[in-house]
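Protein chains in written order, with my numbering: chain W, 1 to 436; chain A, 1001 to 1789.
These are computed hints drawn from the structure, not numbers from a lab.
Check before you lean on any hint, since a few could be wrong.
[To be verified] Below, in silico cross-link-like pairs of lysine-lysine (DSSO-like), each with a Cα-Cα straight-line distance of 30 Å or less:
| id | chain 1 | residue 1 | chain 2 | residue 2 |
| --- | --- | --- | --- | --- |
| 1 | A | K1146 | W | K340 |
| 2 | A | K1682 | A | K1759 |
| 3 | W | K136 | A | K1414 |
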Amino acid sequence: MRKILIMLLLGVLPALSFSQKIAYEEFDLDNGLHVILHEDHNTPIVVVSVMYHVGSKDEDPELTGFAHFFEHLLFEGSPNIDRGDFAKYVENAGGMLNANTTQDRTYYYEVLPSNQLELGLWLESERMKHATVDQKGIETQREVVKEEKRMRYDDQPYGTMMGETMKRAYTKHPYRWLPIGSMEHINAATEQDFIDFYKKFYVPNNAALVIAGDFNVEETKAHIKKYFNGIPAGQKVERLSIVEPEQLAEIRAVVEDNIQLPAVIQAYRAPQRNTKEQYAMEMLGKLLSDGNSSRLHKTLVEKTQKALTVGAFPFSLEDPGLMMAFAICNMGATPEEVEKLMDAEVERVQNELITDEEFKKLQIQVETDVVSANRRIAGIADNLATSYTLDGNTALVNSSLKEYLSVTKEDIQAVAKKYLKKENRVVLYYVPKSQN
Amino acid sequence: MKKILILTLALCATQVFAQGKKSKAPKAGEAPVVRIAEPTVHKLKNGMTLLLVEDHRLPMVSFQLKMDIEPIDEMEMAGMVDMVGELLGAGTMRSSKEELDLRIDQLGATYITFSDGIYASGLKRSALGILDLISEMAMSSTFPQKELEKSMTKMLSSVSLVENDPNAISSQVGDVLRYSKAHPYGNPVTEETLGQVNRKYVKAYYDAFFTPQNAYLVVVGDMGNAEAIEAVTKRFQHWGKKDAEKRAIKQSSSSGKMSAASGEQNSGKAADAGLNTADSDKVVTRDNVERSATEAVAKEKGPTRATNSKTKPQTTSLNADQSASEVASNNEQALGVMARFKKASQIGKKGANLKENHVALVDRPSSVQSVIDVTYSLILTPNDPNAMAVKVMNGILGGGAFNARLNKNLREDKAFTYGAYSSLNSDKYVGAFSAGASVRTSVTDSAITEILYEMQNMIDEDVSDEELQLTKNMIAGSFSRSLEDPRTIARFALNKTLYHLPADHYKSFLQRLDAVSKEDVRAMAQLYLHPNNAHILVVGNKDEVYNKLEKFTGRTGVEPLDIYGNRYREELTQAPPGVTVGQVIDDYITAIGGRENLMGRKSETITMSAEMQGMPVELVSYRQYPNKYMSKLTVQGREMQKVVFDGVNAVTHEMGKKTELVEIELADVSYDAEMNLELKHKDFGFEIYLLGVAQLKGGEAYKINIITMDGTGIKEYYDSVTKLKVKREEERHTREGMTLVTTYYDDYQEVGGILFPHKITQSAGMKLEFTVKSIELDTKLDKELFEID
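Isolated chain W (complex conformation) (with noise of 0.2 Å):
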């Protein structure tokens, strides 16, 4: 009876038992495009998505923020798009749109009723073909922006954290700069800059389309070739490799801000993102800061008190990142203390091998990271878009979880030892500005 249950259940869900592994289909078109479907019927929705493959540490040392800036610009319309119409279109269609930017790429969405896809693909043609570039958008946007500079980063408590960090962690490498950039060089730039960057950097050949959700295939591929393919390829894009030369000696600083609590962070350089290494890396950021029952978290928030909350997140860029470890001191603890503390809890891993049941707590935190990162069809398609722009493998959407499972105990000791030293890393306090 039970059986034959079960087999009913198979026979009528199959299509929803298996669909753990994200299916896709991907190619080039003429002008060097690529192209990423992924098909799900359960809602009717669909994901409309192009990652350009530029970020912040594209742009020239002298006109930073530029990348973010077009991330902004490029709602403002085109010769068919009248100014403030792009989002009008989509939210008229009962869609949401946004976009964000990152050190290494930036990436624009819409998702939209699933008989609305060919407007998204409509859309962003045109922002990829011919987005207005103009005084009147720049000039409202460089205010918009610094009132987000002003918002997120100068009136926010620790908000200038990352800026401080990433101006000492590298000294060549674009990474110095954060992608909300310099106010003073979008200031300074020309409208013939932001020409030119849009002209290198928008093109075809530098951009993947992912399109996700209920659509037909066939039809689809039509609708991108009628959009997408009159659009010129551009240059090709060259980009400077600009390698970090190595830390030699440990850098402090402290930094004041309007906070009361202080706070310590600890940057250390780290490998970069979809490398062995790398991938022992985010475990130990795990192992040190994932649960209540993590290795900092334990020893400074619970055990001793000294720290109100505790991080490490590993940064995963194109080029290397850092691992930047944080703890916001409790009331009455100092900087000092809560420091030597972090130290010890990185000493003891560097030391002692991890055990067993430790180890295994990862492995399951791990899994389920992977798999709740494709609950929604927007997950999805950003994370088709990512593997194929910053990893240049598309497949790593299934073998993502295989890589972190395939790291050791002795591999993540053997991390925690190569990269966790002190003449490796940048030290910041944070204080309240009327302590001094």
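Following the hints, position chain A against chain W.
For chain A alone, coordinates are given in the frame of chain W:
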């Protein structure tokens, strides 16, 4: 049996723009069908409700335990209810905090506890383990004193984090203004109120309100309904029985190694009950429950202690831990303890009842932006028939759309802000309207004007067909997208019960949305928007914005508030004995060069420069003994303002316009004419008082109050160590009314034997940082400078 309702998403894609373009927006295809599934509802005998949604796309399961508890006014112990949420995961009869943390992480689960429930999710293979944790936290949390103290430290630190976060301040003070401190929603958590929180009340709250009748458990994901019902029933069926019975059940059903280990540390109650007969994974049958429950009661009555030697040494400390709470050891007693707190429904509903706009300002001197919130409370329950039209109305004004009026105006047209939004929230007890943005300091007043204008405009005029349709389409789209997440379906079902919504509330959502008309929208604006009866809260730099806010107030003026929504009072301590106001002034005079030195001066010419919106500003002032004065302000080389005082009369020239000054304005200028006004307090008939010692950024300062003949109060601050004047606050009379002028004096340098401040920062609606370029003493000044022609 799953019922599936099929709705057609009628999206009228109005193609009103894109005319005359080469490439036009493509037409939409056939509208997709929107399906709203129904969750399976199952009720346990003890009253607990299960809501189940199967979704096998990913091997994950999520659980949400929601307790339907009416908010209470915590009065002097604000933070007590939050503490319940903090401590739900801090110890159960089976596991200590440390063990719970480890169990959660070993399951790879993410979880969060609230004062009204728990959310947790994880992989399918962790589901039963997660359910164990939730059931323990819901039914047998122990609230250890040690963990309460730890959480207290954490909450105190969190309270101090608010002090520097402008958005957190705005939200906290906004709540006080909207709801008032007498309402559960408006009572801020402070260091003081946290000091009143103790274990007795935390535990009583839990015992009183964490009951199966109040409980809803939502299970969504890769778990079959039958399996879920069985697993939940097994764990929760005995919830609600008397405590002693519960202990017995917990003890006999909890399993294995972990339980034995925790018995040593934490499960005092179980130890007392003396039923450490752990039998792993055994399903508790009705029979042995009744039996062990009886035993437990018997044990508790008698003096017999646990026989298990392991638990014995722990009894003392555990008893100490729990002594206060035993009062509230069962539900009825706990309800008795809670009776002193009023419930939200007993407090009475209050909507917006302001007679005029009320402007409140929280000073945050380091801010470069002002966080603006135009807000008030209102009555709008989720089941109100107006709720849908209100949603559309707010969507047009400042809901999520990029092109909603507030964002369009304040961001896209004026570039004042990164984003401007409004919300109009319904609530079972009291709802709220809120509209605001973070804007650069210099446009604070303009931004408020625009927000109020947009609110008024919604009342005065019909919205356009285009924006009505766009907003409806957006809401419909967002509704449909939300259905991608199976948790939405469960949320719908939960909301229906909690908020007494009609059975077809969500099924009819799109039809009801479609029916909203322009007339409805305007009627809603007229009912729910109050641009003349709102709190206007600004968190920002007081020196720079204070004067700009007066125009929005009625008779009350701008009310300065602290971060807890109390009227701001500068904290002054008493000056040490022996310090008098005369001495403060004398010390200052001595510090800058001595009375004789100052009295002997014939003239002074001070040139200062500053920058205003990128333009160079220069201010030159001439003073000639005994009381002649002239000052000239130039911007980019152009003379903007000149003030001349010949000792008797005064005039101003502003952009070529000459005005004679009389009365108070004339008096103000005669004070400005003094090289050292401090020497002349008596001559002018000023009354001066020492107010106390204030804490300024640079250190302690004596604060004095100078009352002029016309009654104006000038506040001055003198550094207690250097004796120098560091700050001055003065209300100046201008044609536009009173203006608060705040001046900071820094960088004192010696010129001709006298100390002069070389950096002078003045704020009066706008901040100007002057640097002294030159000071010339006792030069012969041209008589014509001071002539009034």
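Next on the checklist: Are any of the numbered hints broken by this structure? If so, which, sorted upward?
Outcome noted: Hint check: nothing fails, all pass.
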